[in-house]
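Just so you know, the sequences run in chain order A, B, C and D. When we follow the numbering used here, the leftmost residue of the first sequence carries the number 1, and every step to the right adds one. When we follow the numbering used here, the leftmost residue of the second sequence carries the number 1, and every step to the right adds one. When we follow the numbering used here, the leftmost residue of the third sequence carries the number 1, and every step to the right adds one. When we follow the numbering used here, the leftmost residue of the fourth sequence carries the number 1, and every step to the right adds one.
None of these hints come from the bench; they were simulated from the model. In this text the structure is predicted, and so the values were computed from the model without any measurement. Each residue gets a CB set at the ideal place from its N, CA and C atoms; glycine is no exception. All clues stand as given, with none of them false.
Restraint-style ranges between C-beta atoms, simulated for each label pair:
hint: 1; chain 1: A; residue 1: 81; chain 2: B; residue 2: 87; range: 28 to 34 Å
hint: 2; chain 1: B; residue 1: 75; chain 2: D; residue 2: 55; range: 37 to 43 Å
hint: 3; chain 1: A; residue 1: 98; chain 2: B; residue 2: 78; range: 35 to 41 Å
Number of protein chains: 4
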Amino acid sequence: MTNSPIGHRRWAFTAGNIPARGSGPEPEFTSRDELCILNAGSADACAAVTVYFADRDPVGVYRIMVPAARVRHVRINDLIEPEAVPLTVPYAMVVTCGAPIVVQVRRLDTRQSALALTVDSGMPG
Amino acid sequence: MTNSPIGHRRWAFTAGNIPARGSGPEPEFTSRDELCILNAGSADACAAVTVYFADRDPVGVYRIMVPAARVRHVRINDLIEPEAVPLTVPYAMVVTCGAPIVVQVRRLDTRQSALALTVDSGMPG
Amino acid sequence: MTNSPIGHRRWAFTAGNIPARGSGPEPEFTSRDELCILNAGSADACAAVTVYFADRDPVGVYRIMVPAARVRHVRINDLIEPEAVPLTVPYAMVVTCGAPIVVQVRRLDTRQSALALTVDSGMPG
Amino acid sequence: MTNSPIGHRRWAFTAGNIPARGSGPEPEFTSRDELCILNAGSADACAAVTVYFADRDPVGVYRIMVPAARVRHVRINDLIEPEAVPLTVPYAMVVTCGAPIVVQVRRLDTRQSALALTVDSGMPG
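With the sequences and hints as input, model every part of the structure.
This is the structure in structure tokens:
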């Protein structure tokens, strides 16, 4: 066990595709992909997200501040600067940070009325 | 192959959010997050869990004893000392242990009547 | 890229709990946990599975032969020698092999009529 | 953090089994396994997929071009050269590439009318 904060400085997720529809009361059951970023360190950190597509150049970076000793769950739909991430298209994400962070993606799909949930551990590297 | 017990001494899980509701007979179908901790070693081990939130300081540590050569599945809702983990808020966990352990998280979500199940491998580090 | 077969010699999975019930035609929709073992090497391999419980000694080893250049999906319910793995109790597995193998667990839960599916990457070590 | 493109040159996935049926409008809800390949590098890359079975020799390689700075989601059902991958049988995949890539598998199962979704991080090696 080391005393350094747990985490890595770079993460990749390749299986993104945000449903455009859902069922059940919003916002609880809105279909979504969420970036779940833990900063277990003692200084605030800024994660930078680049989004990749099948047929055009990458977009980004989107900046997400994560204070020291906090976790943030950020809906991809809330990433609007420099531009909104489109729904129903394949996408991937690379998340980089100057400090170690731990990133996972939580996907909720309510298109077919009984929800599907998956947590994607991604790849540190 | 090594002869040391399989595992790592530190694990992180960032995608926590325990549903407050469920459907189907309890306790079998109660929505839950469970820590699944394997101690494959020959001595008892004590895992220490710190819980991180979005908007307040971390809480912990919660202590979980895992006897030698045993697995324990512990519902997060059963972690009440020093304080109960709240439902329906984003949270993360870091699990540390003086001995190698293997930790995964099993999430059962029955809010929408047909259950969703995901197993989250977390990040050792 | 190396020329050695892909894989590791030891794997752990901690989140096991086989449902006793299911819905839909059997055997297609029988709730199950399956070990999915790939032997990408050029020699047959024998995997040895030890099953861990919360409140009694581990059971095993269960032996699973995987021929060269083959994958095998084995239902945990079909592991009956030295004894059947019980349903509806928490369990963990450690899989060891003299040659590199890749192991994942596929869990199908049909208790609530619309199936849940998760694939668990486990921990090599 | 390194400046080299994120990824590995070899990936394995062992839990494949493509459902033959689904429910809901096609193609959105067609049961499927998808390879999700990110090439974050600055040169085009060619991934080579070998498919393993339980009872016959491996088939492949299937070639998938991934342009620089692009992600591709490819349905396994669309891999038809040298031959189609059969449905409803256990299979595994090894993906290799001369350049670093990140690969995950997205599985959608709509057999029982409310979809199940899982993302499988696979094993780099």
